[in-house]
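Work out the full structure: start from the sequences and follow the hints.
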Amino acid sequence: MAVPVSQAWTVATYVLKQKLTGRKRYPLVLMLEPLFRCNLACAGCGKIQYPAHILKQDLSPEECFRAVEECGVPMVSIPGGEPLLHPQMPEIVAGLVARKKYVYMCTNALLLKEKLHLFKPSKYLSFSVHVDGQREHHDFSVCREGGYDIAMEGVRAAVAAGFRVTTNTTLFDGADPNSVRAHFDELMAAGVESMMVSPGYTYDKAPDQNHFLGKAKSRRMFRAILSNRKKSWQFNTHPLFSEFLMGKQNFECTPWGMPTFSIFGWQKPCYLLQDGYADTFKELMETTEWENYGAKSGNPRCANCMVHSGHEASAVDYAFSSLKGFLITAKKFVLPSTYEDADAMKLLNEWKPEHSGPLVQIQASSNATDDQLQTVSGD
Amino acid sequence: MATEQQEHLKIEQLRHHSADELEHIEGREKENLEGWIPALATDAEIREALEKAFDYRGDITITRKDGSKVEGYLFDRRSGASLNDSFVRVIPSAAREKVNIAYTDIAALAFTGRDTAAGKTFEAWVKKYWEKKAAGEKNIQIEPEKLD
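Protein sequences appear in the order of chains A and B.
Be aware that the first sequence starts at 1, since it is given in our numbering, and climbs by one per residue.
Be aware that the second sequence starts at 1001, since it is given in our numbering, and climbs by one per residue.
Read the hints as simulated data drawn from the structure, not as lab findings.
Treat the hints with care, as some may be off.
[Claimed, not checked] Listed next, with one range per pair, are the computed distances between beta-carbon atoms:
1. B:ILE1011 <-> A:THR21: 24 to 32 Å
2. A:ASN349 <-> B:ASN1139: 29 to 37 Å
3. A:GLU153 <-> B:ALA1095: 37 to 45 Å
4. B:LEU1009 <-> A:LYS120: 43 to 51 Å
5. A:ALA8 <-> B:GLU1143: 47 to 55 Å
Just so you know, even glycine gets a beta-carbon here, dropped at the ideal spot from N, CA and C.
Here it is in structure tokens:
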């Protein structure tokens, strides 16, 4: 796990403190959504479909700081929408850095290069750039030709300016493990500090309802991708979460581990599901019926979820819940494994890409009617 | 909480297979609610209609029993044991405040705003892409809708 020692220390002491005080449910990362509007309309995204008067709203810096202080987390992730569209984003980031919070500002990087001068490099700030695969896969995923090139230009500019830059890759049904591995090579060559990869979630408002990964395929795909990994690859996910994706660990969801705050308030129960809102963090923790969520609950909306926001906190909690968990985790940090696996290599070599070529791949599966055609967004 | 009807493809799939065995998971069938004016004759109808309004990604219009109207985005609902202790929370289209309206104060509900999640099927985008490509266009994309 490639994060600065100071960050690892801050998180470890924070979690230990929670454990020592007997706090059963504690947040690890605040998912701060200061706006919903975006400059992309990705097929797999269920976050940005709102009326214009909602999309125009922003959380103020004060509202953001209050939320962070209310829940007391050591790390803040700022997704959206596209945070760089928020006119006060530099002020929000500077305020969080001043509070010594480790900030991951998630961005599609379309505006990163031109807005870079508004931010200051800091060990507390990382631009977490969403790049969903190699050029053609990313452009396909974000429904924009040329999106990859602009994003990577932003990555390189940020790296050159001395910023911490990490990446986040979300995979859907049809992803090609060989291409994802080549994508990792490209990202590391571009100078990113570390990478994160996660399966997409079945957002019920996403335009594409046909490319959601089931768990069996997710595990097989991640085993092919993450086994036999190159030593040059640096990941910023917990090693046990990586093993969870590969089917080597089984974690239940920890929905309170990464709570979400937006213009609506504190989202129940998690970043992915919207079952209502609480006005305070305390109310969120006390009134959410947590037993109704996670795969074990039988909730169909949680059935195939393997997303980091629900499960990485489980890996962290496991590491601090027993001596065995701590020793296993410590070993994985000190002696990181390349996960050599001959069967996984065979799987990788025999993987048949479902699609190939820049956006050409989807022609065969297209069966849109003229009625559907007339209602495509933005056309 | 999503209704069984909304989640029925997934529920059907999970009836026959364990989630751990699935290669692909079903999405959700979209309901066409735009323009719908539900009957609110019974408690069950009121609850179901407001549940669908909570799920709806467009503005709704609520007419209170005193005749006043609130048009806006229904972002939350608190469903209590009875209608007396249940209420919806709306952000009006012309203000940023959050307005609470008790279920018992609601005389009528209408799905008046455009469903912002409807009609943007991936298949439709692919077909449009190919049409644009054939016409020689470059840098083809789905653009977010204009907000003004």
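Practice task
Determine whether the Cβ-Cβ distance between ASN349 of chain A and ASN1139 of chain B falls within the hinted range of 29 to 37 Å.
Solution key: holds (35 Å)
Practice task
Take a look at whether the Cβ-Cβ distance between GLU153 of chain A and ALA1095 of chain B falls inside 37 to 45 Å.
Solution key: Hint holds: Cβ distance 40 Å, inside 37 to 45 Å.
Handout entry: ILE1011 of chain B versus THR21 of chain A beta-carbon gap, inside 24 to 32 Å or not
Key = violated (40 Å)
Handout entry: Consistency of beta-carbon spacing, LYS120 of chain A to LEU1009 of chain B, with hint 43 to 51 Å
Key = Distance hint for LEU1009 of chain B, LYS120 of chain A holds at roughly 48 Å.
Exercise for the section: Take a look at whether the Cβ-Cβ distance between ALA8 of chain A and GLU1143 of chain B falls inside 47 to 55 Å. Expected result: With Cβ atoms ~41 Å apart, the hint is violated.
In the structure shown, a violation is registered for the earlier hints numbered 1, 5, in ascending order.
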